[in-house]
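Peer 1: As a plain string of letters, each chain reads:
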Amino acid sequence: MNKVDQVPAAYRSNAEANREMDDIGRMIRACIQCGTCSGSCPNEFAMDLTPRRLWRLVLLGQEEEIFSSTTFCLCSACYYCTLRCPRGLPLTEAMYRLKQAAARRKVKAYRTSEAFYGSFLESVRRHGRVRESEFMTLYFSAMKNPLLPLRFASLGLKLMAKGKVDLRPPSRGDMRLAALFDKVARLESRQLTRNDR
Amino acid sequence: MRYLYYPGCSLEGSAREYGQATEALMKALGVQMTEVEDWTCCGASAAEARSRLLALALSGRNLALAEQMDHMDILVPCSACYLNLAKSNIEIGTDEHLRAKVNEILAEEGLSVRGKARPRHLLDILATDIGAEAVATGLARPLTGLVVAPYYGCQCLRPLAAFDDPENPQSMKALIEATGAKALAWPMGAKCCGAALMNTKPEVGLTLTGKILENARTADAIVTVCPMCQMNLEAYQKKISKRLASDISISVIYLPQLLGLAMGIDAKELGLDSNLAITPDFRRFLTATTAEAC
Ligand code: SF4
Ligand code: SF4
Numbered sequence: 020m021n022k023v024d025q026v027p028a029a030y031r032s033n034a035e036a037n038r039e040m041d042d043i044g045r046m047i048r049a050c051i052q053c054g055t056c057s058g059s060c061p062n063e064f065a066m067d068l069t070p071r072r073l074w075r076l077v078l079l080g081q082e083e084e085i086f087s088s089t090t091f092c093l094c095s096a097c098y099y100c101t102l103r104c105p106r107g108l109p110l111t112e113a114m115y116r117l118k119q120a121a122a123r124r125k126v127k128a129y130r131t132s133e134a135f136y137g138s139f140l141e142s143v144r145r146h147g148r149v150r151e152s153e154f155m156t157l158y159f160s161a162m163k164n165p166l167l168p169l170r171f172a173s174l175g176l177k178l179m180a181k182g183k184v185d186l187r188p189p190s191r192g193d194m195r196l197a198a199l200f201d202k203v204a205r206l207e208s209r210q211l212t213r214n215d216r
Numbered sequence: 209m210r211y212l213y214y215p216g217c218s219l220e221g222s223a224r225e226y227g228q229a230t231e232a233l234m235k236a237l238g239v240q241m242t243e244v245e246d247w248t249c250c251g252a253s254a255a256e257a258r259s260r261l262l263a264l265a266l267s268g269r270n271l272a273l274a275e276q277m278d279h280m281d282i283l284v285p286c287s288a289c290y291l292n293l294a295k296s297n298i299e300i301g302t303d304e305h306l307r308a309k310v311n312e313i314l315a316e317e318g319l320s321v322r323g324k325a326r327p328r329h330l331l332d333i334l335a336t337d338i339g340a341e342a343v344a345t346g347l348a349r350p351l352t353g354l355v356v357a358p359y360y361g362c363q364c365l366r367p368l369a370a371f372d373d374p375e376n377p378q379s380m381k382a383l384i385e386a387t388g389a390k391a392l393a394w395p396m397g398a399k400c401c402g403a404a405l406m407n408t409k410p411e412v413g414l415t416l417t418g419k420i421l422e423n424a425r426t427a428d429a430i431v432t433v434c435p436m437c438q439m440n441l442e443a444y445q446k447k448i449s450k451r452l453a454s455d456i457s458i459s460v461i462y463l464p465q466l467l468g469l470a471m472g473i474d475a476k477e478l479g480l481d482s483n484l485a486i487t488p489d490f491r492r493f494l495t496a497t498t499a500e501a502c
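First to last, the protein sequences are chains A and B. So the first sequence is numbered by this note's numbering: it starts at 20 and just counts up by one. So the second sequence is numbered by this note's numbering: it starts at 209 and just counts up by one.
Same shape as in the complex, but just chain A:
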């Protein structure tokens, strides 16, 4: 894939997408490749790239490799690397930035996480406070995988038995936080356009 020709739908221009990666690069510019982050990460065993190598690729601007790796999807925000990095770099935050960038680029490997977080936020937008069962219903329908609900069935039954399942059906609600969400979106797009000039 030629990343110059292929502008992700959620961006208005290549410049936007590039600037986002530059910002992340700036956050970790002082990396000395010591590997403390990799050695501290509880999920490193499941990653295809160690965190240290991921930061190297960010510094080199190797976008394709970064977003075809699952490393950032496997960050559980434990903050061990942030705590221990000898250069004091905000690594967990940089992982979050990669997640944000992956969501905008509609990266395939990030689809599950994005659907999960997106469904959560939709419920918050509607009601102000998340309704857990609505959130899961939205998640299942976003994933369009008929087997997925099965994976959660036993947890669902346990919670049901304890009377912990909110039985209110999904609803539009009073759109409690819709104005806040809209305003954030407007500000973000305004900022992007302004920076482009």
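You can trust all of the hints, since none of them are fake.
No farther apart than 25 Å at their CA atoms in a straight line, the calculated lysine-lysine pairs in the DSS-like style are these:
1) K419(B) <-> K177(A)
2) K447(B) <-> K177(A)
3) K295(B) <-> K324(B)
4) K409(B) <-> K163(A)
5) K476(B) <-> K181(A)
6) K177(A) <-> K450(B)
Now the in silico label distances, taken between C-beta atoms and shown as ranges:
7) T487(B) <-> L79(A): 46 to 56 Å
8) M162(A) <-> R492(B): 34 to 44 Å
9) K163(A) <-> R492(B): 44 to 54 Å
10) G339(B) <-> G182(A): 30 to 40 Å
11) P109(A) <-> T336(B): 23 to 33 Å
12) A34(A) <-> T302(B): 27 to 37 Å
13) A369(B) <-> S32(A): 33 to 43 Å
Rough simulated footprint, nothing fancy, chain A against chain B, three-plus residues with beta-carbon under 8 Å:
14) 220-227
15) 307-313
No lab work stands behind these hints, which were simulated from the structure alone. In this text, a Cβ means the ideal position worked out from N, Cα and C, and glycines have one as well.
Mind docking chain B with the ligands on chain A? Use the hints.
Peer 2: Leaving out everything else, chain B with the ligands in the frame of chain A:
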């Protein structure tokens, strides 16, 4: 003692027993809590995975509401809510440009935030302000003979390290010992449970949680201070036992439930019926100690 109280969404849903126990315990300790009026979701780990500005706005809204009330220490039982509120509070308080942006968003609702509130984790308030002696003084049902593994998880400790050593935390030890129980010394107290990976990458989540449960074998119970940790540790024990081909089942309860039991609060009032992992042994222990108290 008085605090503002931010329960957060899970304490109204799948972790409602954490809310019940926190309220019952604070009442028994003579601590007053006033709920932040009209609070909404802090964004959990979802908002920051989507947009930093959204995360700041969602937390900022609650901080603004708290600032309108008359005291500034906010008691937060959920570690994820605590970190979101505390981090946003620092960023809003120190970065003028960011503060202006967040206020531009909040202005739609006529709110504004300065970054002057003090979000604090429940564990911080219990260990630092209230102290183990207060629990010991109110001891009504000594939990003698019980071995308890203190599990802190990540986000109440890191990255802020506001009240405890972020690598080798100790703040729960004195509180547990004040109940008459023994605090297990173990290496897993500050390790990660996998958080949302349990849902998005279950294999990884089960591995992480499995390691914690395996290491708690010599304990009678694990205590937690976060709804997400609690759920990961209590809800998947059968699956993990199968994977490890060995029975790792153990009681998992919230810290205020443990302290509340020791202070003689009724198990029902502490929401113990709602926990997903209470072993028959633990129930027997409770019945026996109740009888003793009577
Ligand atoms: S710990 Fe910090 S300096 Fe070391 S490799 Fe990781 S990011 Fe670079
Ligand atoms: S914050 Fe993320 S990348 Fe860093 S050590 Fe924890 S899981 Fe690994």
